[in-house]
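S.K.: Okay, here's what each chain looks like letter by letter:
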Amino acid sequence: MKRGLAIKRGFTYLALVALAVVFAFPFVWMLSTSLKYDWQIFPREGQPFSLNLFRWPMRWGNYPRALETFPFLNYLYNTLYICLFNVIGTVASSSLVAYGFSRVRWRGRNAIFILVLATMMIPYQVTLLPVFILFRNLGWIGSYKPLIVPAFFGSAFFIFMLRQFFMTLPGELSDAARIDGCSELGILLRIVTPLAKPALATVALFTFMGSWLDFMGPLVYLNDERLYTLALGLHAFLGRHGADWSGLMAAGTVVVAPIIIIFFFTQRTFIKGIALTGMKG
Amino acid sequence: MTTAAAPPTRRASYAARAERRRLVTGLLFISPWIVGSLVFTLGPVLVSLYLSFCDYRVLTPPHWLGGENYRQLLADEYFWRSLGNTAFMFIELPLGIVIGIALAMLLNASVRGQPGFRTLFYLPSVVPVVASAMLWLWIFNPDPKIGLLNGLLGMLSTAMEGLDALLHGLLPVLPASLHLHLPPEIPWLVSATTAKPSIMLMDLWGVGGGMIIYLAALQGVPQHLYEAADIDGASSWQKTWHITLPSISPVIFFMVVTGMLGVFQYFTSAYIMTSGGPEHSTLFYALYLFQNAFQYFKMGYACAMAWILFLISLVLTLVVFRSSARWVYYEEER
Chain H
0 MKRGLAIKRG FTYLALVALA VVFAFPFVWM LSTSLKYDWQ IFPREGQPFS LNLFRWPMRW
60 GNYPRALETF PFLNYLYNTL YICLFNVIGT VASSSLVAYG FSRVRWRGRN AIFILVLATM
120 MIPYQVTLLP VFILFRNLGW IGSYKPLIVP AFFGSAFFIF MLRQFFMTLP GELSDAARID
180 GCSELGILLR IVTPLAKPAL ATVALFTFMG SWLDFMGPLV YLNDERLYTL ALGLHAFLGR
240 HGADWSGLMA AGTVVVAPII IIFFFTQRTF IKGIALTGMK G
Chain X
0 MTTAAAPPTR RASYAARAER RRLVTGLLFI SPWIVGSLVF TLGPVLVSLY LSFCDYRVLT
60 PPHWLGGENY RQLLADEYFW RSLGNTAFMF IELPLGIVIG IALAMLLNAS VRGQPGFRTL
120 FYLPSVVPVV ASAMLWLWIF NPDPKIGLLN GLLGMLSTAM EGLDALLHGL LPVLPASLHL
180 HLPPEIPWLV SATTAKPSIM LMDLWGVGGG MIIYLAALQG VPQHLYEAAD IDGASSWQKT
240 WHITLPSISP VIFFMVVTGM LGVFQYFTSA YIMTSGGPEH STLFYALYLF QNAFQYFKMG
300 YACAMAWILF LISLVLTLVV FRSSARWVYY EEER
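Note that the protein sequences, when read in sequence, are chains H and X. Numbered by numbering that gives the first Met the number 0, the letters in the first sequence go through residues 0 to 280 in order. Numbered by numbering that gives the first Met the number 0, the letters in the second sequence go through residues 0 to 333 in order.
FYI, nobody ran anything at the bench for these hints, they're computed from the structure. Mixed in with the good hints there might be a few duds.
Computed Cβ-Cβ distance ranges for the label pairs, DEER-style [unchecked claim]: (1) X:D54 x H:V16: 57 to 63 Å; (2) H:A256 x X:G65: 51 to 57 Å; (3) H:P169 x X:D75: 53 to 59 Å; (4) H:A256 x X:T157: 33 to 39 Å.
Rough simulated footprint, nothing fancy, chain H against chain X, three-plus residues with beta-carbon under 8 Å [said to hold, decoys possible]: (5) 36-43; (6) 60-74; (7) 90-96; (8) 148-158.
If you're wondering where the values come from, they're calculated on a predicted model, not measured in any experiment. C-beta: ideal position from N, C-alpha, C; glycine also.
Bound conformation, chain H alone (with noise of 0.2 Å):
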């Protein structure tokens, strides 16, 4: 019994290291191409494909010169500003309605909260040609506020997330704050936020995470290259140079790292923000 326990977690382990080979090589193979000279990416006639991922000498040049025609500086601040108010619009938007729809009691609450869960099966394309129409005729185009302003209306999907966070507080202590006066936004903002620090956190990091994932929005919205973000540079990037493999590698480095070192340090809050999200069936 002890044995075949033994072996059986012989074999757990065995699996999961050979997955981690598997999810980390593309990661590897990209960082290794972006240090390799092109006389080591493409062998000479009569050369076999070489699986040597770390040659000498290596090329860190690919860096600078990757970073010439692609201004990772100019295009993460770019990011960064959308990203920013995007987390302030959907927090502060998303908390004030699911406070609406969980904290205060009125009549037709519940209807209108399933007309809120309703929007969430509309497929995006279907209101994004009209909304780009809108924004157009407003002269929006090529500027971040297609991008930024609806954020600030709440977001159906963490508008559900905080509203079933919220229910869960306890009705107490917002009944005593109305006794003295505290009025409703007051409540919210005293007593309601400070203990559902957690669920904002999650809804903080999610929509930085959509936001800085986002393809669609920015292509469809920006045209000067200046203005371009993150995801939209290196994809001009790949277009212009799509030949220069060590120097899109660079770039695709560049751009995933800070991904990664997030993710690093915000595990905790993302693995607790998905138990949050993912069970509610």
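Add chain X to chain H, keeping to what the hints say.
M.R.: Just chain X now, kept in the frame of chain H:
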């Protein structure tokens, strides 16, 4: 109104006033959503429905066509092809679910270094699609001397040939027609037959996104159920089938619904890696819609496509919801 009909006692009017105040407060709190959904969701949905019956090319005002867009769509070869390509990608859904759950179960077996493995498996799903698409373009490079996958495949195929020769040498009884064989190279994204499976392979690299949700669900399965099963002498297979999977079925259900909608909105990697090629084999529905809207500027046509997409997803969701009573178990019902 009720207060006006009955003679207003002080208490009733107080209650009515309190209720009205709560209604106003509630509406004020949700007002961002009301405005936002009118401007960015409900309004656009109606506009899109109207435009789907119009010829609209952005620069000139919309021109009413009636059902012409829909009639054209039904006769449009590429519409059907994009629908077929998208339907093909549904294979990815069960694959992703099975692999995601399997990975989560492996990790849930309280192994040492779990956080490290978890992070590693999860990472690919937080990489911007542009970056992963670019990386996989490079990995899929069809030149066996350059592309990672074809390079590895070439090595494996050579090794396999050697093994085959060895086996046939050792065991002459093996029939000559029986051979160990691996193709030395696969055209991946370059051929119409392998392009879609290649994209699936790339997507499965990002399976960690689902895995982490299953993992959270697995950790919520009540431990006492397993203990009871142990006492009854249940095998681990029985425990998986009768405890684990039913317990996480609400999460699987959630993943099926979101995954289904996701397949229909499949866009970015095809747009970046293949732009629909080769031979339109990766022309997915959302990609063709995007091309109609922003490359051919046939906004009305694209809106008609969006509405068909909407109806298909509604029907699919309804079907899954209907079926859910049979296979999704909720805690409260147990």
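S.K.: Now look at each hint and say whether the structure bears it out.
M.R.: Going through the hints against the structure:
1. X:D54 x H:V16: 57 to 63 Å: Between D54 (chain X) and V16 (chain H), where Cβ atoms are some 59 Å apart, the hint holds.
2. H:A256 x X:G65: 51 to 57 Å: Distance hint for A256 (chain H), G65 (chain X) holds at roughly 54 Å.
3. H:P169 x X:D75: 53 to 59 Å: Between P169 (chain H) and D75 (chain X), where Cβ atoms are some 58 Å apart, the hint holds.
4. H:A256 x X:T157: 33 to 39 Å: holds, 35 Å
5. 36-43: holds (count 7)
6. 60-74: violated (count 0)
7. 90-96: With 0 residues closer than 8 Å to chain H, the segment 90-96 of chain X misses the three-residue bar; violated.
8. 148-158: holds (count 5)
The structure shown violates the earlier hints numbered 6, 7.
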